[in-house]
Amino acid sequence: MSAYVPPAKKEEFVEPTIHKIRITLTSRNVKNLEKVCADLIQRSKDKQLKVKGPVRMPTKHLRIATRKTPNGEGSKTWDAWEMTIHKRLIDLYSPSEVVKQITSIAIEPGVEVEVTIQN
150 MSAYVPPAKK
160 EEFVEPTIHK
170 IRITLTSRNV
180 KNLEKVCADL
190 IQRSKDKQLK
200 VKGPVRMPTK
210 HLRIATRKTP
220 NGEGSKTWDA
230 WEMTIHKRLI
240 DLYSPSEVVK
250 QITSIAIEPG
260 VEVEVTIQN
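Reading the sequence shown from the start, the letters are residues 150 to 268 in our numbering.
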């Protein structure tokens with residue numbers, strides 16, 4: 150009797166799992182924020198990834214009104230100060246390893262980047 154020999158296994162290509170990756174960018178300077186968004190999207194499209202965005206979120210206006218005089222004497226004049234915070238969302242559909250390559254760009258000063266991976 151001859152022993153049973155199983156057929157040779159074919160090598161299967163395992164595709165990496167595709168994740169939804171959300172990149173949140175915040176800054177007080179719109180020009181730097183838009184430059185970083187454009188760089189991220191250009192790098193993603195070079196890698197032929199599916200990209201959605203940038204989604205422009207509403208601008209936050211932080212306002213403070215203070216009296217000009219320190220002691221409360223004199224005419225009641227006020228100074229008004231305002232800081233605007235701009236926010237952009239970019240959604241990528243790619244393996245998580247590719248995101249490290251995309252986000253390795255030189256980020257402009259004052260731009261905060263937050264990367265979250267969703268399933």
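If you are wondering where the hints come from, they were derived from the structure by calculation, not from laboratory data. Accuracy of the hints is not assured; some may be wrong.
Pairs of lysine-lysine, DSSO-like flavour, derived with a Cα cap of 27 Å [unchecked claim]: (1) 194 to 180; (2) 169 to 196; (3) 194 to 184; (4) 225 to 236; (5) 199 to 236; (6) 201 to 169; (7) 158 to 180; (8) 249 to 196; (9) 201 to 249; (10) 236 to 169; (11) 249 to 180; (12) 169 to 184; (13) 184 to 201; (14) 158 to 194; (15) 201 to 225; (16) 249 to 169.
Now the in silico label distances, taken between C-beta atoms and shown as ranges [what the hints assert, rightly or not]: (17) 267 to 219: 49 to 55 Å; (18) 204 to 259: 19 to 25 Å; (19) 161 to 188: 22 to 28 Å.
As the structure is a prediction and not an experimental result, all values here were calculated from the model. For glycine and all other residues, C-beta sits at the position ideal for the given N, C-alpha and C.
Taking the hints in turn, this is what the structure says about them:
Distance restraint check for residue 194 and residue 180: the Cα-Cα separation of roughly 21 Å lies within the 27 Å cut-off, and the hinted pair is therefore satisfied. About 16 Å separates the Cα atoms of residue 169 and residue 196, which keeps this hinted pair within 27 Å; it holds. Between residue 194 and residue 184 the CA atoms are separated by roughly 15 Å; this keeps the pair inside 27 Å, and the hint holds. This hinted pair does not check out: residue 225 and residue 236 have alpha carbons roughly 36 Å apart, beyond 27 Å.
Taking the CA atoms of residue 199 and residue 236, the gap is about 21 Å. The hint holds against a cut of 27 Å. Straight-line distance between C-alpha atoms of residue 201 and residue 169 comes to about 10 Å, which keeps the hinted pair within the 27 Å bound. At roughly 55 Å between alpha-carbon atoms, residue 158 and residue 180 are farther apart than 27 Å, so this suggested pair is violated. Distance check on the hinted pair: residue 249 and residue 196 sit about 12 Å apart at the alpha-carbon level, within 27 Å; holds.
Among the hinted pairs, residue 201 with residue 249 is consistent with the structure: their alpha-carbon atoms are about 18 Å apart, no more than 27 Å. Of the supplied pair hints, the one linking residue 236 and residue 169 holds, its CA atoms being roughly 19 Å apart against a limit of 27 Å. Using a Cα cut-off of 27 Å, the hinted pair residue 249 and residue 180 holds, with the two alpha carbons roughly 24 Å apart. For the suggested pair residue 169 and residue 184, the alpha carbons sit about 23 Å apart, so the restraint of at most 27 Å is met.
The hinted pair formed by residue 184 and residue 201 meets the criterion: a straight-line CA distance of about 16 Å does not exceed 27 Å. For the hint pairing residue 158 with residue 194, the CA-to-CA distance comes to about 36 Å; that exceeds 27 Å, so the pair is violated. A distance of roughly 50 Å separates the Cα atoms of residue 201 and residue 225; the hinted pair therefore is violated under the 27 Å criterion. The suggested pairing of residue 249 with residue 169 holds, with an alpha-carbon distance near 14 Å, which does not exceed 27 Å.
For residue 267 paired with residue 219, a C-beta distance near 50 Å keeps the hint of 49 to 55 Å intact. About 20 Å separates the C-beta atoms of residue 204 and residue 259, a value consistent with the hinted range of 19 to 25 Å. The given range of 22 to 28 Å is broken by residue 161 and residue 188, whose C-beta atoms sit roughly 36 Å from each other.
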